[in-house]
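**Student:** Read off the chains here:
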Amino acid sequence: MTGIQCCPHIVSFKEAHGLEPFKITQKWLVHCSTPEARQVRARSCTCKVCNSYSGRLHTCLHCIYFGCYERHHIHQHAQDTNHYLAMDLSYGQTYCFHCQDYIYDKQVEQIAQHEWRKVCKFNGWSETLLSTLPYWEPTGVELESLRLNPKRRKIAADSYVGLRGLVNLGNTCFMNCILQAFVHTPMLRDYFLAERHECEKDQCLVCEMTTLFQKFYAGERTAYVPFRLLHLVWTNARHLAGYEQQDAHEFLIAALDLLHQHLSASSDMVNNNNNNKIITGRPSTSSTENSISREDVNGVDDDSNGSSGNPCGCIIDQIFTGGWQSDVTCQRCSGVSTTIDPFWDISLDLPGSMSSPWHCMSPTQTAAPGLAPTIGTVNVTSEQRPMSLKDCLNRFTRPEHLGSAAKIKCSRCHSYQESTKQLTLNKLPIVLCFHLKRFEHTNKSRRKIATYISFPMDLDMSPFMASRRSVNTRDENTVDDALKENKYSLFAVVNHLGSLQSGHYSVFVRQHRDQWFQCNDATILKATIPDVMQSEAYLLFYHKQYIDYD
Amino acid sequence: MAEYNEKKSRDGQMRAAINQQLVETGEREKLKELLRMRLSECGWRDQLKQICKEIVRERGLEHVTVDDLIQEITPQARQLVPDSIKKELLHRIRTFLAQQANL
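Here the protein sequences come in this chain order: S and U.
Mapping to our numbering: the first sequence position 312 is 312, numbers consecutive.
Mapping to our numbering: the second sequence position 29 is 579, numbers consecutive.
Calculated directly from the structure, the hints in this document are not laboratory data.
Incorrect hints may appear among the rest.
[As the list claims (entries may be wrong)] Computed list of lysine-lysine pairs in DSBU-like fashion (alpha-carbon distance at most 35 Å, straight line):
hint	chain 1	residue 1	chain 2	residue 2
1	S	K14	U	K603
2	S	K444	S	K487
3	S	K121	U	K557
4	U	K558	S	K121
5	U	K603	S	K151
6	S	K487	S	K526
7	S	K390	U	K557
8	S	K48	S	K118
The structure presented is a predicted model; accordingly, all values stated were derived computationally and were not measured.
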């Protein structure tokens, strides 16, 4: 570490013994990256005095000796033998008994980093995982910048930093509301503010997004004019060009697609590929040891990863890509064929839709009680409780009977049979976007469905998981519940006001913990939670509460 | 009394065996990383850093040792760990133990 006075004792120790003692200790006792090392660690590391394996065990760097720090047994050893350097076995810090402090040495830190990398590789972890907190060594430019700006700013809980209006450039509220949602996506914010994207290209949407995030967090209060971004969208997504009103959902998908394209074309993909292993976690490993069909699913999943080329591991994929599992069950032999399809958002039909009427339930509805709620004829004007997001999801994931008109060749019994199809979630994305299909375009009419759909602040997706709905569910339900793995929190709601012909978009965004603001182009107003929850949502953005570890 | 001592030593042996199993299988490492990550996520780490900074600022860098810091913040630090994280860890350990046939 630069700038910290090095301990003179470690210098003389290194002169006498070299780096070998550090290497051996790091490799065999601190960062075990082989089964053998783990065994050594498990069997040998106990305090020589009290036999305990806790109490911050340290090892002597001069000889083979283990002693705990809390009960001062390692101190005793140092005093008795004048062995003044010891290493903490939990984190690999070096302690000097002369200095009576933990000390830093660049070479030793490098050894530790090197061994840590091996551990990550061995365990299949990402090195850039939040937990490893890599050392930040400021570059010359950064040091200069720090020197010039000595004032530190602390962001208070009620700070407005990160909130900024966007000027409407001629019916561009469809874009503004999505940009606001992006800026308030925690994982995206971390990515862009950390300047993880490196690129030299001229017309790159990712670079433009980086600028946007910086403009939002620079502390200026006047509304930002995203003209460069709009121009980029116009040139890259022709169907959105012009001053006409556009659909916010269409923009969301186009923007994600463009970002994804520009990211996979840029050089920083090499780094990102390493990350996706952890960040795009599968539904917990505990559910993998299920039935055979489960293994099939994994096989299919791997295939689709390789061939479709869609999940490339870029930040957009890491955050937004989820997977639908579609199970088609043959009515004759009950053979199940499974396919996995990636998705960026979930589009849900609403009650009152003509193209997909709610009252016409498939016959399988009765055959599978408990899977979907019993929804009778739904009338838009009915006085029942309002339909909820969960109702829409239940309907979307119910088993659907593919009638006699849609016979499919069963891969097991090799005959054309009627079958049922059910969608479940195979992989949850970090950010889950719901699109409530309020705009209906049929041959006969184009109209907007203004039905209020209630949605929760905290959403549990467990009931829609493939692992949950498979045959052997056993006790895993309780496991899922306890781990909160499938829980989400609402962080942005896009609303559409007005009619199909002429309307306006605005968005509610969540700031810090529980503050909500309504962003309406250049205007930002404080909002209450009831304001948000009672709004007529068009797009809903949920963020995962816990990021998968495995 | 003899019975109590015997039980205590049995408990000790069991704990040691469990610890060994946790280390050998690599589970301990995983749990450690999980804990580190959770503590970072929930802001615990930043909170503690802030407390330490304040102590150092108050007394001056020269007058604080790591031992002082540890002694001073440990009770508070333990208390600040959210219950949900403790529960999650406990749950993971239980699940792991249930899978171990040789204990």
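**Student:** If a hint holds in the structure, say so; if it does not, say that too.
**Tutor:** Results for each hint:
1. At roughly 31 Å between alpha-carbon atoms, K14 (chain S) and K603 (chain U) fall within 35 Å of each other, so this suggested pair holds.
2. Between K444 (chain S) and K487 (chain S) the alpha-carbon distance is near 40 Å, which puts this suggested pair outside the 35 Å criterion.
3. Taking the CA atoms of K121 (chain S) and K557 (chain U), the gap is near 42 Å; set against the 35 Å cutoff, the hint is violated.
4. Annotation: proposed proximity of K558 (chain U) to K121 (chain S) is violated, straight-line Cα distance about 40 Å (limit 35 Å).
5. Distance hint between K603 (chain U) and K151 (chain S) is fulfilled; the C-alpha atoms sit about 17 Å from each other, no more than 35 Å.
6. Our distance criterion of 35 Å between C-alpha atoms is met by K487 (chain S) and K526 (chain S), whose separation comes to about 26 Å.
7. Simply put, K390 (chain S) and K557 (chain U) have alpha-carbon atoms about 52 Å apart, too far for the 35 Å limit, and the pair is violated.
8. Among the hinted pairs, K48 (chain S) with K118 (chain S) is consistent with the structure: their alpha-carbon atoms are about 29 Å apart, no more than 35 Å.
Hints 2, 3, 4, 7 from the earlier list are contradicted by this structure; the remaining hints agree with it.
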